[in-house]
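Which chain is which? The protein sequence lines are D and B, in order.
Numbering follows the working numbering, in which position 95 of the first sequence is assigned residue number 95; successive positions increment by one, without gaps.
Numbering follows the working numbering, in which position 2 of the second sequence is assigned residue number 2; successive positions increment by one, without gaps.
Treat the hints with caution; some may be incorrect.
Derived DSBU-like pairs: lysine-lysine, alpha-carbon spacing no greater than 35 Å straight-line [what the hints assert, rightly or not]:
1) 73/B - 321/D
2) 31/B - 225/B
3) 135/B - 186/B
4) 321/D - 31/B
5) 225/B - 311/D
6) 118/D - 311/D
7) 311/D - 31/B
To give a feel for the contact side, a few chain B residues facing chain D, derived at Cβ under 10 Å [unchecked claim]:
8) 78
9) 92
10) 93
11) 100
12) 102
13) 105
14) 162
15) 179
16) 181
17) 192
Far from chain D, some chain B residues (derived; all Cβ distances over 10 Å) [stated by the list, open to error]:
18) 61
19) 75
20) 99
21) 128
22) 139
23) 166
24) 180
25) 190
26) 231
What the hints contain is simulated information worked out from the structure, not anything from laboratory work.
In this text, all values refer to a predicted model and were calculated from it rather than measured experimentally.
Glycine is no exception: its CB is placed at the ideal position from the N, C-alpha and C atoms.
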Amino acid sequence: MRRLPRTPRLVLLVLLIAGLATMPLIPDWFPDQSWVTNSRLFSFTQMFMLITLASNWNLTGGFAGYVDFGHAVFFGIGAYGTGILMNHGWSFWPAMGAGAVFALVFALVIGWPTLRLKGPYFAIAMLGTFVAVREIVRVSKGLTGGGVGLTLPPYLNRPLFYWITLALAVVVVFIMWWIRRSEFGATLIAIREDEVGAEMRGINTTVNKITAFAIGAFSTGIVGGLWAYQNTFIDPDVVFFPSRTVELVMMSMLGGLGTVAGPVLGAATIYWMRDVVWANFADYHLMVEGFLLILIVLYTPEGIMGRLGDKSATSLQKVWKRNGKVPEDAVDEAVEQVTP
Amino acid sequence: MTEPLLDGRGVTKRYGGLVAVNNVDFQVFPKEIVGLIGPNGSGKTTLFDCLSRVQSIDEGQVMFKGTDITRKKPHQVAHLGMARTFQVIRVYRKLTILENMKVSRQWRGEQPWNQLRPSHRDIETRAHELIEFLKLEHLTHENAGTLSGGQRRLLELGMALMPDPELVLLDEAASGVNPTLVNEIKDRIRELNRDHGKTFLVVEHDMRFISDLCNRVYVLNYGQKLAEGTPTEVMEDEAVIEAYFGT
Numbered sequence: 001m002r003r004l005p006r007t008p009r010l011v012l013l014v015l016l017i018a019g020l021a022t023m024p025l026i027p028d029w030f031p032d033q034s035w036v037t038n039s040r041l042f043s044f045t046q047m048f049m050l051i052t053l054a055s056n057w058n059l060t061g062g063f064a065g066y067v068d069f070g071h072a073v074f075f076g077i078g079a080y081g082t083g084i085l086m087n088h089g090w091s092f093w094p095a096m097g098a099g100a101v102f103a104l105v106f107a108l109v110i111g112w113p114t115l116r117l118k119g120p121y122f123a124i125a126m127l128g129t130f131v132a133v134r135e136i137v138r139v140s141k142g143l144t145g146g147g148v149g150l151t152l153p154p155y156l157n158r159p160l161f162y163w164i165t166l167a168l169a170v171v172v173v174f175i176m177w178w179i180r181r182s183e184f185g186a187t188l189i190a191i192r193e194d195e196v197g198a199e200m201r202g203i204n205t206t207v208n209k210i211t212a213f214a215i216g217a218f219s220t221g222i223v224g225g226l227w228a229y230q231n232t233f234i235d236p237d238v239v240f241f242p243s244r245t246v247e248l249v250m251m252s253m254l255g256g257l258g259t260v261a262g263p264v265l266g267a268a269t270i271y272w273m274r275d276v277v278w279a280n281f282a283d284y285h286l287m288v289e290g291f292l293l294i295l296i297v298l299y300t301p302e303g304i305m306g307r308l309g310d311k312s313a314t315s316l317q318k319v320w321k322r323n324g325k326v327p328e329d330a331v332d333e334a335v336e337q338v339t340p
Numbered sequence: 001m002t003e004p005l006l007d008g009r010g011v012t013k014r015y016g017g018l019v020a021v022n023n024v025d026f027q028v029f030p031k032e033i034v035g036l037i038g039p040n041g042s043g044k045t046t047l048f049d050c051l052s053r054v055q056s057i058d059e060g061q062v063m064f065k066g067t068d069i070t071r072k073k074p075h076q077v078a079h080l081g082m083a084r085t086f087q088v089i090r091v092y093r094k095l096t097i098l099e100n101m102k103v104s105r106q107w108r109g110e111q112p113w114n115q116l117r118p119s120h121r122d123i124e125t126r127a128h129e130l131i132e133f134l135k136l137e138h139l140t141h142e143n144a145g146t147l148s149g150g151q152r153r154l155l156e157l158g159m160a161l162m163p164d165p166e167l168v169l170l171d172e173a174a175s176g177v178n179p180t181l182v183n184e185i186k187d188r189i190r191e192l193n194r195d196h197g198k199t200f201l202v203v204e205h206d207m208r209f210i211s212d213l214c215n216r217v218y219v220l221n222y223g224q225k226l227a228e229g230t231p232t233e234v235m236e237d238e239a240v241i242e243a244y245f246g247t
C-alpha cells in the first residue's frame with residue numbers, strides 16, 4: 001500500500017493531536033453539545049494510558065523480541081510508589097516521579113537475571129515476578145495497606161488528567177519513533193532477528209536489552225502513578241490486574257509488533273472495539289471480543305502495520321522461534337541449497 | 001619475525017565424550033589469506049566458533065593481536081578487530097541493507113547516549129561505500145529478507161567489513177552461491193587483502209576457491225590437524241588424499 005508523503009502525514013498528525021488537545025474545551029465553547037462529557041473524557045484518558053503502556057511494552061516485546069508477560073508489575077510499582085509516598089505527605093508530582101524511579105530500579109535488578117532467558121522462559125519468569133510482587137504487596141500491610149489497599153487524596157479534574165495522559169502518550173510515542181530511527185532501535189531489532197549474530201558483530205546485547213527494559217519500566221511506572229491518583233484508591237487486585245499485560249500484548253500484536261504506530265493503532269482499536277462489543281453483547285462480550293481477536297491474530301499475524309507494509313513489523317510466532325537461535329527460515333534455505 | 005595476528009595453542013573442544021577439536025595449534029599472520037579445510041564433521045566450524053567465542057574452549061589458549069581472548073565475550077572479541085561470517089547466513093531480515101550495515105559497525109569507544117542519535121555521517125558514508133563495493137547499491141533500502149542467497153552472502157561479507165576489522169573469518173562464503181557471484185566474492189577478498197591489508201581465515205569446501213585465494217592451508221580431520229602448507233603441498237599430501245577419498 002502506498003504511504004502518504006512525509007509532509008502531509010506530519011500535518012495530519014499535528015492536526016489530530018491539536019484536535020484531541022482542544023476536546024476538553026468544547027463544552028465551554030458549545031454548551032449545548034452532548035458528545036464531550038466527563039465520561040467521554042475519562043474514556044479517552046484510559047485510551048491514552050493504554051497507548052503509552054502498549055508502546056512501552058512494545059519496546060522490549062516488539063523491538064527487542066523479549067515478550068514480557070509481567071510488564072504490569074512496573075505499573076503496580078509506580079502506582080504503589082506514588083500512593084505510599086502521597087500517604088506520607090508527598091505531593092503528587094514528586095511522588096509520581098519517585099514511583100517511576102522505583103519501577104526503573106526494579107527493572108534493572110530483575111532484568112539482569114531474567115533477560116538472559118530466552119523466549120517463553122523469559123515470559124514465564126516475568127509472569128512469576130508479577131505474581132510474586134503482588135503477593136509481597138498483599139502481605140506488607142504496614143507499608144501498602146495489604147488487601148485493604150490505600151486511599152489517595154482525591155483530585156477530580158477530568159480535563160487535567162486528559163491533557164496529562166495525552167501529553168504523556170505523545171511524548172512516549174515520539175520517543176519510540178526516535179528510538180526506532182536511532183542506532184539503538186536498529187540494535188534492538190538486530191537482537192530480535194538474531195541475537196547470537198548481533199553479539200558476534202560487537203553488540204553488547206545484555207546492556208541494550210536492559211536499557212530498553214528500564215526505559216519501558218520507567219514510563220510504565222509514570223502511568224501507574226497517574227492511574228493511582230486518578231482512581232484515588234489502590235489495592236493489589238485492582239493494580240496488579242492479571243490480564244493487564246495480556247491486553248498490552250494483544251494491542252501490540254494487533255497494531256504490529258516492532259513498529260512505532262502499531263501499539264497506538266492496536267490500543268485505540270481494542271479500546272473502542274471493547275466499548276462497542278460491551279454495548280451490544282453485554283452478556284457474552286468477552287466471548288465475542290476473544291473470537292474477534294483470534295480472527296485478527298490468525299489473519300493479520302504482523303498486525304495492521306504489517307498489512308500496511310511497515311517492514312519492521314513481525315509476529316509473535318517469529319519472535320519466539322528466533323530467540324537465541326539461527327532464524328528458522330535461514331536454516332530452511334540452507335537445507336534447500338544443499339538438497340539436490 | 002612478524003608476530004602472528006591470531007595464535008592458537010592446544011585448542012580443544014569437547015561435547016561430552018566427543019572431542020570435536022583436539023589439541024590444534026595454528027597461526028595466522030598479518031595480511032595472509034589462510035584456508036581451513038577438511039571433510040564434513042572434521043571440526044572446522046567448531047574451531048571457528050571457538051575462535052570467535054560462540055563456543056567456549058575446554059583447553060588451550062587463543063591470542064589475538066597479543067591479547068588472550070580465551071575467556072572474552074563474543075562482542076569483546078569483535079571489538080578487538082575480529083569479524084566473521086556464518087555457514088548459515090545470518091543477516092537481520094527486518095532491517096534494510098543500509099541498516100544491516102550500520103548496525104554491524106560495533107560500538108568502539110562509543111558512549112551509550114550517542115546511540116540514541118541517528119548514525120554519524122562517517123558511518124553512513126562507510127556503509128554506502130561498502131554497499132557500492134559489493135555492488136548492492138540498487139538494493140540499499142530493501143529489507144535483507146528480500147535478497148537472494150548470493151546477495152545475502154555479499155551483504156554478510158559487507159557487515160563483517162563494516163567495523164574495519166584486522167581479521168575476517170569467512171565460513172563457507174561460496175556455499176549456495178552461483179559461480180559468477182563466487183568469482184565476484186573472490187575478487188573482493190583479493191582486493192581487500194591486497195589494497196587494504198585485511199587478513200582472512202577461510203573455511204571452504206570448494207578446493208578451487210581455496211587454491212585460488214589462500215597462501216597457506218590447514219587441514220583438519222576428526223578434530224585434529226592433519227596437514228599444513230601451501231595449497232599445492234596440501235593437495236598432494238597422502239594423508240589428506242586419504243582423508244578426502246579414503247584411498
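Hints, one by one, checked against the model:
no.: 1; hint: 73/B - 321/D; result: holds (24 Å)
no.: 2; hint: 31/B - 225/B; result: holds (22 Å)
no.: 3; hint: 135/B - 186/B; result: holds (14 Å)
no.: 4; hint: 321/D - 31/B; result: violated (40 Å)
no.: 5; hint: 225/B - 311/D; result: violated (46 Å)
no.: 6; hint: 118/D - 311/D; result: holds (24 Å)
no.: 7; hint: 311/D - 31/B; result: violated (40 Å)
no.: 8; hint: 78; result: holds (4 Å)
no.: 9; hint: 92; result: holds (4 Å)
no.: 10; hint: 93; result: holds (6 Å)
no.: 11; hint: 100; result: holds (8 Å)
no.: 12; hint: 102; result: holds (6 Å)
no.: 13; hint: 105; result: holds (8 Å)
no.: 14; hint: 162; result: holds (8 Å)
no.: 15; hint: 179; result: violated (14 Å)
no.: 16; hint: 181; result: violated (13 Å)
no.: 17; hint: 192; result: violated (18 Å)
no.: 18; hint: 61; result: holds (21 Å)
no.: 19; hint: 75; result: violated (5 Å)
no.: 20; hint: 99; result: violated (5 Å)
no.: 21; hint: 128; result: holds (16 Å)
no.: 22; hint: 139; result: holds (13 Å)
no.: 23; hint: 166; result: holds (13 Å)
no.: 24; hint: 180; result: holds (16 Å)
no.: 25; hint: 190; result: holds (24 Å)
no.: 26; hint: 231; result: holds (24 Å)
In summary, the numbered hints that this structure violates are 4, 5, 7, 15, 16, 17, 19 and 20.
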